[in-house]
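Peer 1: Given only the sequences and the hints, what does the whole structure look like? Please build it.
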Amino acid sequence: MKKQTKSKIKDGPGTKFICDFKDSTGTFIDKFAIFSIDRPKIEIIHLPDDTKITTWLPIEVQIFDPVESNTAKAIYNHRERNESFDIIVDLIDPKGKITEKWEIKNANISSVDLGTLNWYTTAENLVVKIQVTYECAK
Numbered sequence: 001m002k003k004q005t006k007s008k009i010k011d012g013p014g015t016k017f018i019c020d021f022k023d024s025t026g027t028f029i030d031k032f033a034i035f036s037i038d039r040p041k042i043e044i045i046h047l048p049d050d051t052k053i054t055t056w057l058p059i060e061v062q063i064f065d066p067v068e069s070n071t072a073k074a075i076y077n078h079r080e081r082n083e084s085f086d087i088i089v090d091l092i093d094p095k096g097k098i099t100e101k102w103e104i105k106n107a108n109i110s111s112v113d114l115g116t117l118n119w120y121t122t123a124e125n126l127v128v129k130i131q132v133t134y135e136c137a138k
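Its first residue numbered 1, the sequence shown is counted upward by one per residue in my numbering.
Source of the hints: derived by calculation from the structure; they are not laboratory data.
Note that beta-carbon positions come from the ideal geometry of N, C-alpha and C, so glycine has one too.
Wrong hints could be hidden among the right ones.
[Stated by the list, open to error] Mimicking EDC-like on lysine to aspartate or glutamate, the simulated pairs with C-alpha atoms at most 20 Å apart in a straight line are:
#1 Lys97 <-> Asp20
#2 Lys105 <-> Asp20
#3 Lys22 <-> Asp93
#4 Lys138 <-> Asp50
#5 Lys16 <-> Glu60
#6 Lys138 <-> Asp65
#7 Lys138 <-> Glu103
#8 Lys101 <-> Asp49
#9 Lys16 <-> Glu43
[Claimed, not checked] Simulated DEER-style distance windows between Cβ atoms:
#10 Thr25 <-> Ser110: 19 to 25 Å
#11 Glu135 <-> Thr25: 48 to 54 Å
#12 Tyr76 <-> Lys16: 37 to 43 Å
#13 Lys52 <-> Leu117: 43 to 49 Å
#14 Pro48 <-> Lys97: 41 to 47 Å
#15 His46 <-> Asn108: 35 to 41 Å
Peer 2: Structure representation (structure tokens):
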């Protein structure tokens with residue numbers, strides 16, 4: 001009889017992350033305001049001569065825009081510096097141990113959606129969505 005082992009793969013609410021956007025001034029977006037980020041995406045094109053072309057595809061980041069830290073202003077200020085930045089993403093298990101790390105290098109914001117203001121739904125948090133292009137991820 002084969003002994004069953006428990007899977008170490010965890011999914012759902014136990015998987016969290018911390019994301020750090022760093023440019024020449026240091027961290028420019030509040031780490032705890034970032035609530036959604038795509039993992040790096042790669043497109044692989046296979047050519048007839050067996051060579052491959054790989055392209056890093058843009059990722060989307062969603063960030064709360066609290067009045068206290070003003071995400072929209074931080075993004076605008078970064079844009080004014082006209083420089084690329086790096087993103088460090090640490091996936092963390094329920095005990096706080098880093099289980100996966102991504103370093104997204106030479107990133108640039110390619111589009112910004114500052115969200116919609118709605119007079120009647122004041123209970124909703126303001127959210128900024130950005131598209132990010134980058135040189136590579138490791």
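Peer 1: Of the hints given before, which are not true for this structure?
Peer 2: 3, 4, 6, 8, 9, 11, 12 and 15
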